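Protein sequences appear in the order of chains A and B.
Mapping of the first sequence onto the working numbering: residues 1 to 329, in sequence order.
Mapping of the second sequence onto the working numbering: residues 330 to 427, in sequence order.
No lab work stands behind these hints, which were simulated from the structure alone.
Everything numeric in this text was worked out from a predicted model, so none of it was measured.
You may find that some hints are simply not true.
[To be verified] Taking lysine-lysine and the BS3-like style, the derived pairs with C-alpha atoms no more than 25 Å apart in a straight line are:
| hint | chain 1 | residue 1 | chain 2 | residue 2 |
| --- | --- | --- | --- | --- |
| 1 | A | Lys305 | B | Lys415 |
| 2 | A | Lys126 | B | Lys418 |
| 3 | A | Lys153 | B | Lys369 |
| 4 | A | Lys153 | A | Lys130 |
| 5 | B | Lys370 | B | Lys331 |
| 6 | A | Lys86 | A | Lys29 |
| 7 | B | Lys370 | A | Lys154 |
| 8 | A | Lys29 | A | Lys61 |
| 9 | A | Lys154 | A | Lys126 |
| 10 | A | Lys126 | A | Lys86 |
| 11 | A | Lys53 | A | Lys11 |
| 12 | A | Lys86 | B | Lys415 |
| 13 | A | Lys130 | A | Lys86 |
| 14 | A | Lys153 | A | Lys126 |
| 15 | B | Lys370 | A | Lys86 |
| 16 | B | Lys370 | A | Lys305 |
| 17 | B | Lys418 | A | Lys153 |
| 18 | A | Lys147 | A | Lys53 |
| 19 | A | Lys53 | A | Lys86 |
| 20 | B | Lys369 | A | Lys126 |
| 21 | A | Lys61 | A | Lys150 |
| 22 | A | Lys154 | A | Lys61 |
| 23 | A | Lys147 | B | Lys331 |
| 24 | A | Lys154 | B | Lys369 |
| 25 | A | Lys154 | B | Lys418 |
| 26 | A | Lys61 | A | Lys147 |
| 27 | A | Lys53 | A | Lys29 |
| 28 | A | Lys11 | A | Lys61 |
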Amino acid sequence: MPRLRTRLGLKDLLGAVRARLGIARNQYKVNPGLYCTGTPGPRSPVLATANYKLSFDALRKELADIDAWVLVVDTRGINVWCAAGKGTFSADEVAYQAGRARLAEIVSHRELILPQFAATGVASQKLREKCGFRGIFGPLRAADIAKFLKDGKKADETMRTVTFTLGERLVLVPVEIALIWKPFVLVTLSLFVLSGIGPGFYSLDAALGRGMTAAGATVLAILAGALAAPALLPWLPGRQFWLKGVQTGGAAGFAYLFFFPTGVSPAGNAGLWLWMAAAASYMAMNFTGATPYTSLSGVEQEMRKGLPVQIGGALLALVLWIAAPFIGW
Amino acid sequence: MKDFRYIDGAALLRLDEDACIGCGNCTVVCPHRVFALRGKKAGIVDHDGCMECGACALNCPAGAIVVNPDEGCGCAALIINGWLSKALKRKTKVCGGC
Numbered sequence: 001m002p003r004l005r006t007r008l009g010l011k012d013l014l015g016a017v018r019a020r021l022g023i024a025r026n027q028y029k030v031n032p033g034l035y036c037t038g039t040p041g042p043r044s045p046v047l048a049t050a051n052y053k054l055s056f057d058a059l060r061k062e063l064a065d066i067d068a069w070v071l072v073v074d075t076r077g078i079n080v081w082c083a084a085g086k087g088t089f090s091a092d093e094v095a096y097q098a099g100r101a102r103l104a105e106i107v108s109h110r111e112l113i114l115p116q117f118a119a120t121g122v123a124s125q126k127l128r129e130k131c132g133f134r135g136i137f138g139p140l141r142a143a144d145i146a147k148f149l150k151d152g153k154k155a156d157e158t159m160r161t162v163t164f165t166l167g168e169r170l171v172l173v174p175v176e177i178a179l180i181w182k183p184f185v186l187v188t189l190s191l192f193v194l195s196g197i198g199p200g201f202y203s204l205d206a207a208l209g210r211g212m213t214a215a216g217a218t219v220l221a222i223l224a225g226a227l228a229a230p231a232l233l234p235w236l237p238g239r240q241f242w243l244k245g246v247q248t249g250g251a252a253g254f255a256y257l258f259f260f261p262t263g264v265s266p267a268g269n270a271g272l273w274l275w276m277a278a279a280a281s282y283m284a285m286n287f288t289g290a291t292p293y294t295s296l297s298g299v300e301q302e303m304r305k306g307l308p309v310q311i312g313g314a315l316l317a318l319v320l321w322i323a324a325p326f327i328g329w
Numbered sequence: 330m331k332d333f334r335y336i337d338g339a340a341l342l343r344l345d346e347d348a349c350i351g352c353g354n355c356t357v358v359c360p361h362r363v364f365a366l367r368g369k370k371a372g373i374v375d376h377d378g379c380m381e382c383g384a385c386a387l388n389c390p391a392g393a394i395v396v397n398p399d400e401g402c403g404c405a406a407l408i409i410n411g412w413l414s415k416a417l418k419r420k421t422k423v424c425g426g427c
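Turn these sequences into a full structure, and let the hints guide you.
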């Protein structure tokens with residue numbers, strides 16, 4: 001039986017940083033199966049978790065001085081909540097791993113403590129039918145597991161309520177930006193090419209000069225939508241994310257035009273501003289996928305309003321940007 | 330969660346109080362504390378707090394709860410993919426990078 005260390009080392013920290021940056025995040029896994037902490041016996045609690053290493057680490061570091069069995073189920077390296085949502089953290093999978101580990105022979109009781117977030121994928125009544133173990137939903141956060149066990153497997157309202165603190169929001173930002181990397185390169189290259197179009201056939205100088213201006217605007221817009229909007233989330237007026245992004249993107253647009261001598265005409269400036277507002281709006285809207293409180297119905301509802309505005313804004317920005325050198329203002 | 334509220338009236342969530350057996354599972358699993366037991370029946374006390382995670386419906390032994398069954402974590406990129414796939418009648422993968 002592999003005994004887990006309950007203190008995270010430098011390697012775990014570096015691994016966490018890499019995963020948070022989106023580097024080989026899909027391969028950050030541990031082997032499914034049964035592990036233990038301390039010296040558990042047949043009456044020690046069994047805690048289930050996902051095989052995403054960040055989830056696994058979050059749990060084991062809370063288990064210092066606790067004798068427990070840890071059942072790692074195969075969620076294909078996805079965290080507890082997302083895996084439950086996708087159906088990979090399911091009653092079938094938990095029962096399968098419990099059977100494979102011969103859990104019923106190792107412990108005398110028939111209780112399996114699941115993270116509360118697993119409830120989206122695990123039907124507790126079905127788990128009992130499948131493997132004889134009764135699923136008990138523990139706290140949402142691994143940080144509360146010691147208190148949960150100490151209090152006789154009871155979780156209070158705070159332990160059962162999801163939060164979305166500034167830190168919890170900011171830690172999601174790098175992956176949001178990493179996922180936009182490819183479209184960003186494509187868009188920026190196109191912007192450089194388009195920026196060279198002008199009355200004098202084609203200008204490489206303009207392609208570089210105006211292209212840099214447009215690329216800078218794009219970088220700033222991404223930061224406005226994917227960093228500023230999540231950071232300022234509770235303070236930005238309104239509830240729809242695309243509108244929050246218009247605010248941060250619009251403000252970033254004004255700042256860019258004001259502080260950087262862009263050297264482009266008023267039409268070009270208007271195009272830049274529109275582009276920044278539209279791009280930031282999209283990035284902010286995409287952040288709905290990372291929050292713990294937006295419903296799919298709500299997101300679809302706001303996208304039907306936000307997407308046409310974003311596409312319209314971006315197209316108008318494009319027209320203004322290309323037309324600017326021809327009309328001379 | 331009281332600090333963050335999303336669009337009112339958007340979430341698709343229904344509880345059939347006649348079918349409810351009062352086991353209280355929904356009050357346990359909901360990460361937004363949408364349900365509360367009133368006597369021997371569960372009730373929805375914060376409909377607009379619902380994010381449609383589906384934990385309550387899955388863990389309701391009486392099948393008394395219905396939540397929007399569409400899959401997806403609600404990121405725009407995935408929803409656009411889903412819409413495109415529907416329009417082009419293609420199969421889509423469930424999730425992108427999240």
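Consistency of the hints with the structure:
1. Simply put, A:Lys305 and B:Lys415 have alpha-carbon atoms about 19 Å apart, close enough for the 25 Å limit, and the pair holds.
2. For the given pair, A:Lys126 sits about 34 Å from B:Lys418 by alpha-carbon distance, which is inconsistent with the 25 Å threshold.
3. Only pairs whose Cα atoms come within 25 Å are accepted, and A:Lys153 paired with B:Lys369 is accepted, the gap being roughly 23 Å.
4. For the hint pairing A:Lys153 with A:Lys130, the CA-to-CA distance comes to about 23 Å; that is within 25 Å, so the pair holds.
5. A C-alpha spacing of about 24 Å is found between B:Lys370 and B:Lys331, which places the hinted pair at or below 25 Å, so the restraint holds.
6. For the proposed pair A:Lys86 and A:Lys29, the alpha carbon gap of about 17 Å is at most 25 Å, so the pair holds.
7. Proposed proximity of B:Lys370 and A:Lys154 is supported: the alpha carbons are some 21 Å apart, at most 25 Å.
8. For the proposed pair A:Lys29 and A:Lys61, the alpha carbon gap of about 16 Å is at most 25 Å, so the pair holds.
9. With a C-alpha separation of about 22 Å, the suggested pairing of A:Lys154 with A:Lys126 holds against the 25 Å cut-off.
10. Simply put, A:Lys126 and A:Lys86 have alpha-carbon atoms about 17 Å apart, close enough for the 25 Å limit, and the pair holds.
11. A C-alpha spacing of about 12 Å is found between A:Lys53 and A:Lys11, which places the hinted pair at or below 25 Å, so the restraint holds.
12. Taking the CA atoms of A:Lys86 and B:Lys415, the gap is about 19 Å. The hint holds against a cut of 25 Å.
13. Of the pairs offered as hints, the one joining A:Lys130 and A:Lys86 holds, with about 20 Å between alpha carbons and a cut-off of 25 Å not exceeded.
14. Between A:Lys153 and A:Lys126 the CA atoms are separated by roughly 21 Å; this keeps the pair inside 25 Å, and the hint holds.
15. Between the alpha carbons of B:Lys370 and A:Lys86 the distance comes to roughly 30 Å, so the proposed pair goes past 25 Å and is violated.
16. Straight-line distance between C-alpha atoms of B:Lys370 and A:Lys305 comes to about 38 Å, which puts the hinted pair past the 25 Å bound.
17. A C-alpha spacing of about 48 Å is found between B:Lys418 and A:Lys153, which places the hinted pair above 25 Å, so the restraint is violated.
18. This hinted pair checks out: A:Lys147 and A:Lys53 have alpha carbons roughly 23 Å apart, not beyond 25 Å.
19. Taken as a hint, the A:Lys53 and A:Lys86 pair is honoured in the structure, with Cα atoms around 18 Å apart against an allowance of 25 Å.
20. Our distance criterion of 25 Å between C-alpha atoms is met by B:Lys369 and A:Lys126, whose separation comes to about 23 Å.
21. A distance of roughly 17 Å separates the Cα atoms of A:Lys61 and A:Lys150; the hinted pair therefore holds under the 25 Å criterion.
22. Pair hint A:Lys154 plus A:Lys61 holds up; C-alpha atoms about 20 Å apart against a cutoff of 25 Å.
23. For the given pair, A:Lys147 sits about 24 Å from B:Lys331 by alpha-carbon distance, which is consistent with the 25 Å threshold.
24. For the hint linking A:Lys154 to B:Lys369, the alpha-carbon distance of about 21 Å falls within 25 Å, and the restraint holds.
25. For the proposed pair A:Lys154 and B:Lys418, the alpha carbon gap of about 48 Å is over 25 Å, so the pair is violated.
26. Taken as a hint, the A:Lys61 and A:Lys147 pair is honoured in the structure, with Cα atoms around 14 Å apart against an allowance of 25 Å.
27. With a CA separation close to 5 Å, the supplied pair A:Lys53 and A:Lys29 stays within the 25 Å bound.
28. Straight-line distance between C-alpha atoms of A:Lys11 and A:Lys61 comes to about 14 Å, which keeps the hinted pair within the 25 Å bound.
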